[in-house]
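With the hints as your guide, set chains F and C with the ligands onto chain V.
Listed here are the chains, written in short residue letters.
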Amino acid sequence: MINIEIDGIKIQTENGATVIEAAHLAGIAIPHFCYHKKLSIAANCRMCLVQVEKAPKPLPACATPVAEGMKVFTHSEQAVKAQKGVMEFLLVNHPLDCPICDQGGECMLQDMSVGYGGGNSRYHEEKRVVLGKDLGPLVSAEEMSRCINCTRCVRFLQEVAGQMELGQAFRGEHAEVMSFVSGTINSELSGNVIDLCPVGALTSKPFRYKARSWELSRRRSVSAHDSLGSGLAVHTKNNRVLRVLPIENEAINECWLSDKDRFAYEGLNSSERLTKPMIKKDGQWQEVPWQVALEFAANGMRHLANGAGAEQIGALATANSTLEELYLLQKMMRGIGSDNVDFRLRQSDFSTDGKQQGAPWLGMSIADVGQADRLLIVGSFLRKDHPVLAARIRRAVRKGAQANIIHSADDDLLMPLANKAIVAPDAIVETLAQIAKAVAAKQTDGIAGSLSSGQRVVVLLGNFAQQHPQAAQIQALAQQIAAATNGKFGFLGEAANSVGGYLAQATPSAKGLNAASMLAAPRKAYLLLNVEAELDCANPQQAIAAMQAADLVIALSAYKHHATEYADVLLPIAPYLETSGTFVSCEGRVQSFKGAVKPQGEARPAWKVLRVLGNLLKVEGFEFDSSEAVRDEAIGGMDIAAKLNNASPATAQSAIPTPQSSGLQRVSDVPIYATDAVVRRSAPLQATADAALPQVWLHSDELKKLGVQAGETVNVSQGQGSVKLLAAADDKLPKGVVRVATGHAATAALGAMFGTISVERA
Amino acid sequence: MSAQIILATAADGLAKLDNYVKAGGYQALRKVLTEKMSADAIIAEVKASGLRGRGGAGFPTGLKWSFMPKNYDGVKYLVCNSDEGEPGTCKDRDILRYNPHVLIEGMAIAAYTMSVKAGYNYIHGEIFEAYEVMEAACEEARKAGYLGKNILGFDFEFDLHNHMGYGAYVCGEETALLESIEGKKGQPRFKPPFPASFGLYGKPTTINNTETFASIPYIICEGGQKFAELGVPNSGGIKLFSISGHVNNPGNFELPMGTPFKKLLELAGGVRNGHKLKAVIPGGSSMPVLPAEIMMDVNLDYDSLQKAGSYLGSGAVIVMDETTCMVKALERLSYFYFEESCGQCTPCREGTGWLYRIIHRIEHGEGKPEDLDLLLSLCDNIAGRTVCALGDAAAWPVQGMLKHFRKEFEYHIEHKRCLV
Amino acid sequence: MLSQQIITLIDKELKKYPADQRQSAVMAALRFVQDEKGWIAPDDMSDIAEYLGMPQMAVFEVATFYHMYNLKPMGQYTLTVCTNLSCQLCGSGDTLEHLHKRLGIGLGEVTANGKYGIREGECMGACVDAPMFSINNKQLCGRLTNEKIDQILAELDKQ
Ligand SMILES: Cc1cc2nc3c(=O)[nH]c(=O)nc-3n(C[C@H](O)[C@H](O)[C@H](O)COP(=O)(O)O)c2cc1C
Ligand code: SF4
Ligand code: FES
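Residue numbers (this note's numbering), protein chains in the order written: chain V, 66 to 827; chain F, 555 to 974; chain C, 20 to 178.
The shape of chain V in the complex, shown without the other chains:
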């Protein structure tokens, strides 16, 4: 510790800290623009100049390290003169268009010019004009004349997002922040540059001109997409969500948001919103009063339960549903005598069901992941599935951690990897078994060597691993490796409530059917909560067939989607941000939230819809007067730690089944903007490069074997279905695999996410 003095206040601070850090800890504000605690120090704006005793000139507080006995003056004549001088320079080329600037009211430059600017400008020369840029559908760079060249955005994309998509080109007064040849920025974290930009140069394109910052009401919420549990500040006006910003929490999302979390809200305003209950009568959809629709649904279910039997009814929900919704769903189902309820729609191996000792979870805190010095990530499209967590891992790697990956695709994670094993899906188990063996044999190279040399080892299973047909084996081996390296083990978790679904008991017990079985052995009736059958299930073909064959399909949905073709009743429910509820994040953090805006039209929160259905079906214990009451019954107080448990139910089989490759194997990802119903309808997200039409990716040797050129249209078929897509080459894919995305309308006619698939010239 070091003793310094700032403005006469004695401060103890860590050796190696900078003056600005010490000042901030002591609650002393020093004006700054380029400095940002999460970014490297540029010291270019010079706004933070302070006087330091014995220094001949003012020094930048952001870059000056503290030294024992240092005396700093942030408000002395010298300091203030320097700060005012810089402020004057910052304003000379800055357009003074605050009245029409989107940043107005929340602009660092505007705020500080009030404190440090002179009255009249002494600048009467011509102002610089910088042409606007088109960076894509999310970030507006129309007004680059406002840029003050602090390079925060450039540094963010390079250091946090991992890719230099922006740079400061040209030099001197001609310096311009721009992308290469005016390309778009495609990072899944790009929206953060909007928050980072201290002026109105980079703004939110969807939010542009929608409102002035002071007209907005602010509500707290929680991300409904990936499993991180990022905090959302939801800004609304006239009962409409106009933008979403991060709520800073060092332990969760730090100060970042993924673009998905930031721009998904635009899906709320989709024209496909279902705003009135509807029933299909004689093949025609009719809008009906709630009472009619609910009674229709309840009668249908009662009729079936009394006739064919309650086990002929299945309930499917997505893992983006709230804890309360999932809890009431299963309670109702069980109340009418059916145990067929599941939220794990993309899972295909359920062999550990009934043997688990608790809810599978991250197995550690999110912060622990960032502290790891060795990581093994198995089966994950990490960057796209968990963008903010990927940034945390990227930083760990920058600081020296070694990341290793086992997967069936080799997408660039934008961080150096210590080792990687890119193998076909049916070779993942074998690969893990070999690594387990190598760890036991104290091998010093490769993945085993990397893990064995670590102090804080972390082994994580991604979405792909959890969706894999041999998920249980993968888990057992990964746990074995973690144990042998004194490491921690966990699941990354697919969605906002992947842990919460277990706590809500929205999984079948021994006598019920899981998501896959419910579709493989079609039921006579289905209750769908937030589900788009052909997009959200492991086997779309099977799912859609089951829906079409069913006598009764009740869809609780925020959108008029494909269900209009197979459902009998559509109940409009409120999507996230319009309902209260709870998500339990991957690290087991229970986060409840209120609705930020009222549901659109006649849509109702799903927990209320389920409550009424429960009442109509005369199920006991459905007298809840708030979502909090549902939550309390579901998890009984907030301490759920005891309910989280990854203990391996299966021991790794000694004889690993040998790969049975016959023909080409499918590798499927769920594209980042295809994960759930809301993001699928966010127009700006759908306009990004990440939302491009899926292609069929193969190693170019495989393409050659098929006699197909990259760019040609091919027929891809699985089971009874086939689709036409463009073929593309990816030589980083293992041979023998075909990568085709799922979760997308263009591939919904195909079958299971894993298994054989065929490709031929169209």
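Quick caveat, the hints were computed from the structure, so don't treat them as lab data.
Do not take every clue at face value.
Which chain F residues face chain V? A few, computed with CB under 8 Å, are given here [said to hold, decoys possible]:
1) Gly897
2) Cys899
3) Asn935
4) Gly938
Below, in silico cross-link-like pairs of lysine to aspartate or glutamate (DMTMM-like), each with a Cα-Cα straight-line distance of 20 Å or less [said to hold, decoys possible]:
5) C:Lys157 with F:Glu686
6) C:Lys31 with C:Glu69
7) F:Lys970 with V:Glu118
8) F:Lys576 with F:Glu694
9) F:Lys738 with C:Glu69
10) V:Lys146 with F:Glu736
11) F:Lys745 with V:Glu118
12) C:Lys34 with F:Glu686
13) F:Lys961 with F:Asp857
14) F:Lys738 with C:Asp30
15) C:Lys34 with F:Asp946
16) F:Lys922 with V:Glu224
17) F:Lys738 with V:Glu224
18) C:Lys31 with F:Glu689
19) C:Lys31 with F:Glu736
20) V:Lys464 with C:Asp39
21) F:Lys601 with F:Glu783
22) V:Lys149 with F:Asp927
23) F:Lys738 with C:Asp66
24) V:Lys149 with F:Asp946
25) F:Lys570 with F:Glu686
Just so you know, even glycine gets a beta-carbon here, dropped at the ideal spot from N, CA and C.
Just chains F and C with the ligands now, kept in the frame of chain V:
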């Protein structure tokens, strides 16, 4: 060695290794290696020589060398700054093209002293011919065992590579230069950390000017004391002066420190066409201008010039005769700093353009009386507020001009035309 | 696509730097492209980025930062005239004037036949030879007079 210590001409033929060796070249390196001189002894000799960095800042070279971490296992680098681009300065070019081996030898000795195995020589992009001579000289030296492994048969390894700049004055600033070698744009780094702890590729690095390194062989052969005595107290040795502008015989001259300016002017054939001397920028364009009356009595050394209100800088002397319009001269200089600002620091990026635009207006008859005080106020707000000294370099010429030639600027503003 | 000749030159340059610092050769690589084609197009920058394993934007930053790179065609012979102080004092204004008269183009322009382009340069570090220009950044011609300029142009005309 030729009569001169560093400076040579094409006629001397020293660019050929044979000739250089015949003239006594590489004796200093041989001496250091044969006598197994200790690093401390060499540094003591350099300190005794009074050699101060010839790049412009005049930092004592021996002291700088002593900053390099000693018992350090990792890679260290030695870098030569041949990015001479300060208007008026063109001395290093002559070292590179006429006497490249004296630089190589000096660097090899420095490398030996600081236990460095790899060095780079960063050459101004505009002097391609000098780059080619250096490339050839290094190749020759490598073949003959003056560079590479086991130099002169001793257990000493050092290799030197040339890196060419491509049109950025700011890369003469040592940390911008390092960035440039790393393949980035040349934006100076904030210091600390200093290059001696975090330099090229993040490794400890020593950077010196071409002439600084080129002075080393003499110091080692003849002793630091003898070098120091060539000059005056606090300004040891000889120095190269580039004299350009309004003289009859512009050129580079190697002279003892403390030589009267009058003498240099004489050597350069006097003011051109019999004109009268008006003003002189004595140390490269960044240094404040001095009027003739002061200049004619000044000696060319660090202290004398500082006392006179300017600096020795890089030793580049720009001579202006009575026909020179000071507003126009300053307009051009201000344009230079405006064009060359790297753009990262607000005061330099925004301030240099502002300065230039005001001076441009004055030169074009659109000046206002309040402009002159505004210029001075802006200079105040730029100098000392930036990452590198380019900010100061942009301010000093303006301050110097307004100090000595304010009347001429006022005349311009009032009459919308030149006094001359 | 980078030509084989350029690749060979870059490879030679790469030997100067540590193996994990390929980016250090970017300035030379851009120079080689300019030497071959007269200017550097975005596609060339992409090719260089790929060859050196660095972000395209980083190449773009370098190409736009250093002023001797031509970001548009600048003629078969680019004459870069130093107009800085020492040269100005010695008549670089006249040099420009004469070039303008002879070639019919101003700063930043190229003759209709694509033979010559004129750029303004900053201090070339050769001030004692003022006034001067360089030809294609390779050859410095100093102590220029109108006669000398005419001679040089006559030589170049022949090539
Ligand atoms: C804008 C600027 C330009 C500079 N240009 C040069 C230069 O062209 N050559 C040089 O040797 N030093 C130049 N310097 C000084 C270097 O930063 C550094 O001090 C010098 O190379 C150290 O070498 P020395 O100690 O041998 O002088 C420049 C400094 C600044 C701020
Ligand atoms: S002072 Fe100017 S040249 Fe130096 S770092 Fe700052 S902006 Fe760049
Ligand atoms: S905040 Fe310190 S220089 Fe910008």
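Hints, one by one, checked against the model:
Look at F:Gly897: its Cβ gets to within about 3 Å of chain V, closer than 8 Å, so that hint holds up. Using the Cβ-Cβ criterion of 8 Å, the hint placing F:Cys899 at the interface with chain V is satisfied: the shortest such distance is roughly 6 Å. Hint status for F:Asn935 relative to chain V: holds, with the closest Cβ pair at about 3 Å, below 8 Å. At its closest, the beta carbon of F:Gly938 sits 4 Å from a beta carbon of chain V; the interface hint therefore holds under the 8 Å criterion.
Pair hint C:Lys157 plus F:Glu686 holds up; C-alpha atoms about 10 Å apart against a cutoff of 20 Å. Under the criterion of a C-alpha separation no larger than 20 Å, the hint pairing C:Lys31 with C:Glu69 is consistent with the structure, at around 17 Å. For the suggested pair F:Lys970 and V:Glu118, the alpha carbons sit about 46 Å apart, so the restraint of at most 20 Å is broken. With a CA separation close to 15 Å, the supplied pair F:Lys576 and F:Glu694 stays within the 20 Å bound.
With a C-alpha separation of about 16 Å, the suggested pair F:Lys738 and C:Glu69 falls inside the 20 Å cut-off, and the hint holds. Of the supplied pair hints, the one linking V:Lys146 and F:Glu736 is violated, its CA atoms being roughly 36 Å apart against a limit of 20 Å. Of the pairs offered as hints, the one joining F:Lys745 and V:Glu118 holds, with about 18 Å between alpha carbons and a cut-off of 20 Å not exceeded. Taken as a hint, the C:Lys34 and F:Glu686 pair is honoured in the structure, with Cα atoms around 17 Å apart against an allowance of 20 Å.
The hinted pair formed by F:Lys961 and F:Asp857 fails the criterion: a straight-line CA distance of about 28 Å is larger than 20 Å. With a C-alpha separation of about 19 Å, the suggested pairing of F:Lys738 with C:Asp30 holds against the 20 Å cut-off. For the proposed pair C:Lys34 and F:Asp946, the alpha carbon gap of about 38 Å is over 20 Å, so the pair is violated. A distance of roughly 47 Å separates the Cα atoms of F:Lys922 and V:Glu224; the hinted pair therefore is violated under the 20 Å criterion.
Taking the CA atoms of F:Lys738 and V:Glu224, the gap is about 16 Å. The hint holds against a cut of 20 Å. Restraint check for C:Lys31 and F:Glu689: the C-alpha separation of about 12 Å stays at or below 20 Å, so the hint holds. Our distance criterion of 20 Å between C-alpha atoms is met by C:Lys31 and F:Glu736, whose separation comes to about 17 Å. As the CA atoms of V:Lys464 and C:Asp39 are separated by approximately 18 Å, the hinted pair is consistent with the 20 Å bound.
In summary, the hint linking F:Lys601 to F:Glu783 is supported, as the alpha carbons are separated by about 13 Å, within the 20 Å threshold. With a C-alpha separation of about 17 Å, the suggested pair V:Lys149 and F:Asp927 falls inside the 20 Å cut-off, and the hint holds. In summary, the hint linking F:Lys738 to C:Asp66 is supported, as the alpha carbons are separated by about 17 Å, within the 20 Å threshold. Pair hint V:Lys149 plus F:Asp946 holds up; C-alpha atoms about 18 Å apart against a cutoff of 20 Å.
Between F:Lys570 and F:Glu686 the CA atoms are separated by roughly 13 Å; this keeps the pair inside 20 Å, and the hint holds.
Taken one by one, the earlier hints fail for this structure at numbers 7, 10, 13, 15 and 16, listed in ascending order.
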